[in-house]
Amino acid sequence: MNLKDYIKDKTIYIVIMVAVSIILAVFVYALGNGIYAAFYTSLILILSQTAALILEYFHKREFYYKLLKNLDKLDKKYFLSEMIDKPSFLEGEILYETVKQTNKSMNDEIATYTSAMKEYKEYVETWVHEIKTPISSSKLIIENDKNSTTMNLYGELIKIENYVDQALFYARSNNVEKDYLIKKTTLKELVNSVLKKNARTFIESKISFEISALDKVIYTDVKWTDFIIGQILMNSVKYRSQEPKIRIMGLNNENSATLLISDNGIGISKKDLKRVFEKGFTGENGRKIAKSTGIGLYLCKKLCDKMNLGISVASNENCGTTISIVFPKSNMFV
Amino acid sequence: MFGDDILASIFIIEDDVKIRNELTKLLEKYGYECESSDDFQNIVEIIMNDNPNLVLLDINLPVFDGYYLCREIRRKSQVPIIIVTSRDSEVDELMSMSLGADDFITKPYNTQILLARISSVLKRVYNAQPKDTINHKNVELNISKSTVTSNGKSIELSKNEVQILHLLVQNKEHIVSRDEIMNDLWQSEEFVDDNTLTVNINRLRKKLEEIGVKNYLITKRGQGYMV
Chain A
1 MNLKDYIKDK TIYIVIMVAV SIILAVFVYA LGNGIYAAFY TSLILILSQT AALILEYFHK
61 REFYYKLLKN LDKLDKKYFL SEMIDKPSFL EGEILYETVK QTNKSMNDEI ATYTSAMKEY
121 KEYVETWVHE IKTPISSSKL IIENDKNSTT MNLYGELIKI ENYVDQALFY ARSNNVEKDY
181 LIKKTTLKEL VNSVLKKNAR TFIESKISFE ISALDKVIYT DVKWTDFIIG QILMNSVKYR
241 SQEPKIRIMG LNNENSATLL ISDNGIGISK KDLKRVFEKG FTGENGRKIA KSTGIGLYLC
301 KKLCDKMNLG ISVASNENCG TTISIVFPKS NMFV
Chain Z
1 MFGDDILASI FIIEDDVKIR NELTKLLEKY GYECESSDDF QNIVEIIMND NPNLVLLDIN
61 LPVFDGYYLC REIRRKSQVP IIIVTSRDSE VDELMSMSLG ADDFITKPYN TQILLARISS
121 VLKRVYNAQP KDTINHKNVE LNISKSTVTS NGKSIELSKN EVQILHLLVQ NKEHIVSRDE
181 IMNDLWQSEE FVDDNTLTVN INRLRKKLEE IGVKNYLITK RGQGYMV
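Protein chains in written order, with the numbering used here: chain A, 1 to 334; chain Z, 1 to 227.
Here chain A stands alone, though its shape is the one from the complex:
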């Protein structure tokens, strides 16, 4: 608020004031007083009113100046109501009350949704744990009665398990920081555990693995990283071609180690490539293979971002896809 704006805002007041002064001067003069008496009467009126206006200007300017400065500085604008002092003029008070009340109402609304979301997340987590019991018992039942039919079912069970895990990690992905533990491990340990866990799927899909140079020591959360590597390998299975091959390799960098997972699958077209980490994006491959959900890589990217791991993708259509993940080699960088 500068003086010009303020004067503009007060135009009507000033116009009336000047008009009244003139009328008053004429009136005083008409009553038989001298011209000086008329002049001074209106001068006093104008001066007193101007003084009042200037006082009001400085008074309001201080309040609005602070208000706007705070608004500008604040990262989250809704904290504004906490930053303003109650002003001592009417308009300011009205504004102050309005801001306070709308803010409170919004806070209540947010609290409703936050608790609803929390409840939903807790429900998903409980549900996931519940469903793991029948999955476990089904796997055991099959283990005790292996034949071609049950082994077929076993494959399907693994898929269910994978989707269930995805749901769990999705529900948790917003609070990664609350549930993670950085440990010293090696690329080999991480990869081997995923390969062992999903062995049947890879064997059934006739995928041959070429594994090299994974003896790199890194620091990461094992559970989350397991999930990420699992998702990537499952994608390689899903989008495999004839004679599928997956090459897993470790690379040493100065302060980090890179895990490279390359397949010779159907690949990703150039135009889809930059969008593969978007939520719900399925692209051309999604249309070719109906099972695409557009969640797997999105989650991988999101979790990697939260854990400060670099993830990137390179691909040639019909030749294969390479995903690389960069892990810190010291826990100082985590």
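The hints are simulated quantities; they were obtained by calculation from the structure and are not laboratory data.
List of simulated lysine to any residue pairs, SDA-like, C-alpha gap at most 20 Å: (1) Z:Lys76 / Z:Asn49; (2) A:Lys197 / Z:Val192; (3) A:Lys206 / Z:Arg178; (4) A:Lys146 / Z:Ile113; (5) Z:Lys25 / A:Ile141; (6) A:Lys159 / Z:Tyr109; (7) A:Lys197 / Z:Arg87; (8) A:Lys223 / Z:Ser86; (9) A:Lys197 / Z:Ser120; (10) A:Lys178 / Z:Arg87; (11) Z:Lys18 / A:Pro134; (12) A:Lys188 / Z:Ile113; (13) A:Lys196 / Z:Glu189; (14) A:Lys118 / Z:Ser89; (15) A:Lys196 / Z:Ile113; (16) A:Lys146 / Z:Lys25; (17) A:Lys146 / Z:Gly224; (18) Z:Lys25 / A:Asp145; (19) Z:Lys29 / A:Glu143; (20) A:Lys188 / Z:Glu190; (21) A:Lys223 / Z:Ile82; (22) A:Lys206 / Z:Asp193; (23) Z:Lys18 / A:Ile142; (24) A:Lys196 / Z:Leu197; (25) Z:Lys18 / A:Leu153; (26) A:Lys146 / Z:Leu115; (27) A:Lys206 / Z:Ile201; (28) Z:Lys206 / Z:Asn138; (29) A:Lys118 / Z:Arg87; (30) A:Lys245 / Z:Leu197; (31) A:Lys146 / Z:Asn21; (32) A:Lys196 / Z:Arg178; (33) A:Lys183 / Z:Asp103; (34) A:Lys196 / Z:Ser177; (35) Z:Lys18 / A:Thr150; (36) A:Lys223 / Z:Glu93; (37) A:Lys197 / Z:Asp193.
Partner residues aside, some chain A positions facing chain Z, computed with beta carbon under 10 Å: (38) Val128; (39) Ile131; (40) Ile135.
Just so you know, even glycine gets a beta-carbon here, dropped at the ideal spot from N, CA and C.
Using the hints provided, position chain Z relative to the given structure of chain A.
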């Protein structure tokens, strides 16, 4: 002390009857003796009376939760405990370890992994060595020396060959599918593919023939192998 044919007893604390029964079936197939109980109120006393070699403990249980039971058992006994649970947060794992559990496995587990963990905990705690040699139809497999002997003649086997033959002998008179054999090899971190398996099997058969064992490893077309 324990091995493929020697009994180690395992007490299963699990409230889901189906899992309990199937787990019992599976573990018995692999030569373990299993006990369990529905009386969760007095489960600690029951375990103390039963005096098993190992306890498999679920966390979500009626009456007392697994953590409480773990602490109670630890107070009275040094029996190895493996916690098996669908709760998989870091907190759960840390908690289990701090309460004195020997290992922690999350559901749904790969049964091969469960078996491996059980055997490694038993090995660690009781210093148990699995049985060295295993016999079938006059063919003796020595696992620690990686040799196979028949009619006084011996020949050395590779690590994969030992494992394949071991699995086949364990499942003697039953067909073991190629996928099954590969899965077994994968669980010991030998990530072989189809071709490698064929090569391994052929070499194994050749070596057996070299010591005069013929028609021992039978191919069941489209189904797998059998000894």
